[in-house]
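Residue numbers (my numbering), protein chains in the order written: chain A, 34 to 215; chain B, 34 to 215.
Be aware that one or more of the hints could be misleading.
Treat identical chains as interchangeable: a pair holds within one or across any two.
Unchecked claim - Calculated lysine-lysine pairs in the DSBU-like style (CA-CA distance at most 35 Å, straight line):
1. K128 / K70
2. K93 / K126
3. K128 / K200
No wet-lab data here; the hints were simulated from the structure.
Number of protein chains: 2
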Amino acid sequence: MNQPDKQRGLILVYTGDGKGKTTAALGLAVRATGRGKRVLMIQFIKSPDRTYGEKILFDKIGIEMHQKGIGFTWLKTPEEHREALKSAWAFTKEKVMSGAYDVVILDELNNALAINSFPIDDVLPLHEVLELIEGRPYGMHMVITGRNAQQAIIDRADLVTEMNPVKHYYDEGIPAVLGIEF
Amino acid sequence: MNQPDKQRGLILVYTGDGKGKTTAALGLAVRATGRGKRVLMIQFIKSPDRTYGEKILFDKIGIEMHQKGIGFTWLKTPEEHREALKSAWAFTKEKVMSGAYDVVILDELNNALAINSFPIDDVLPLHEVLELIEGRPYGMHMVITGRNAQQAIIDRADLVTEMNPVKHYYDEGIPAVLGIEF
Numbered sequence: 034m035n036q037p038d039k040q041r042g043l044i045l046v047y048t049g050d051g052k053g054k055t056t057a058a059l060g061l062a063v064r065a066t067g068r069g070k071r072v073l074m075i076q077f078i079k080s081p082d083r084t085y086g087e088k089i090l091f092d093k094i095g096i097e098m099h100q101k102g103i104g105f106t107w108l109k110t111p112e113e114h115r116e117a118l119k120s121a122w123a124f125t126k127e128k129v130m131s132g133a134y135d136v137v138i139l140d141e142l143n144n145a146l147a148i149n150s151f152p153i154d155d156v157l158p159l160h161e162v163l164e165l166i167e168g169r170p171y172g173m174h175m176v177i178t179g180r181n182a183q184q185a186i187i188d189r190a191d192l193v194t195e196m197n198p199v200k201h202y203y204d205e206g207i208p209a210v211l212g213i214e215f
Numbered sequence: 034m035n036q037p038d039k040q041r042g043l044i045l046v047y048t049g050d051g052k053g054k055t056t057a058a059l060g061l062a063v064r065a066t067g068r069g070k071r072v073l074m075i076q077f078i079k080s081p082d083r084t085y086g087e088k089i090l091f092d093k094i095g096i097e098m099h100q101k102g103i104g105f106t107w108l109k110t111p112e113e114h115r116e117a118l119k120s121a122w123a124f125t126k127e128k129v130m131s132g133a134y135d136v137v138i139l140d141e142l143n144n145a146l147a148i149n150s151f152p153i154d155d156v157l158p159l160h161e162v163l164e165l166i167e168g169r170p171y172g173m174h175m176v177i178t179g180r181n182a183q184q185a186i187i188d189r190a191d192l193v194t195e196m197n198p199v200k201h202y203y204d205e206g207i208p209a210v211l212g213i214e215f
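Chain A extracted, bound-state conformation (with noise of 0.2 Å):
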């Protein structure tokens, strides 16, 4: 549905290995609820049985979030992952699609993507993918995270920034940091 009166919503990609993508996303999340902006956030690796500050906050202010992942692929069964990732996208679609929201973030879809310890292309197929970005609402904007990011959504993405990471402190000994990372 083209409406020539609102600008078309983009497609804003951060891959690449490096700290900064979730945590854009979220700030991004931020900016656009400070301008009346409607937003949604899919995460489809993290799972809700963790609790994250980011989720805290969001709560309080009414961004909503959903957590639909297990967590790390290595903690469960391929079969657990396959019906999470079924019901992600699922959910997913319906929302996108439902003309509530201005701003979707679809949070760590495109390592899920890039899974190939499991087969998942029944359950989160990215002919599918593409089709929902291309017949998304058409003043909606998607942003979409996560590393390894498949050729076909950097085509169609407007924005792509790749994180690299130059040094980490994981390298020094230092787990993941409260408030920091999580």
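Assemble the complex: chain A is given as a structure, and chain B must be docked to it using the hints.
Same frame as chain A, now just chain B:
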């Protein structure tokens, strides 16, 4: 003041020419605030005369943010910029050493330190920046953003991410988008 019961604060740097540096710092502010940390963001280039979506929301939720710049260099005289940097730097030193914050974000400080179109070394001396980093309260995390990070700052950082532009819609003639970039 060394407090052995407290984890040493980290220095995080977001640099590079790509989009997402300030945005990632905003996300980090949100995450840290969600964890009950006291966050301060000081912006070195952005001016309080313009409106930013993030500022609107931060004011609402009580994250302290100060825009101490006067906008981009080509719109003002060198003397106006020098005065603004002088004031921003004095303000920063006082705030950092006050002990009132767990996380301090110095947004676009790298850009300010890389100005070479007029002399800045007497109002924003690199050696003082390095001294402040080293001498900050023990548990304080510091986030420094902006292009062209000085090597001396990278050397002292615990985490450095370089945001690289892969693709940008400016190149297709689309101007800055409300709610996405400001």
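Earlier hints that do not hold, by number: Nothing - there is no hint that the structure violates, so all of them hold.
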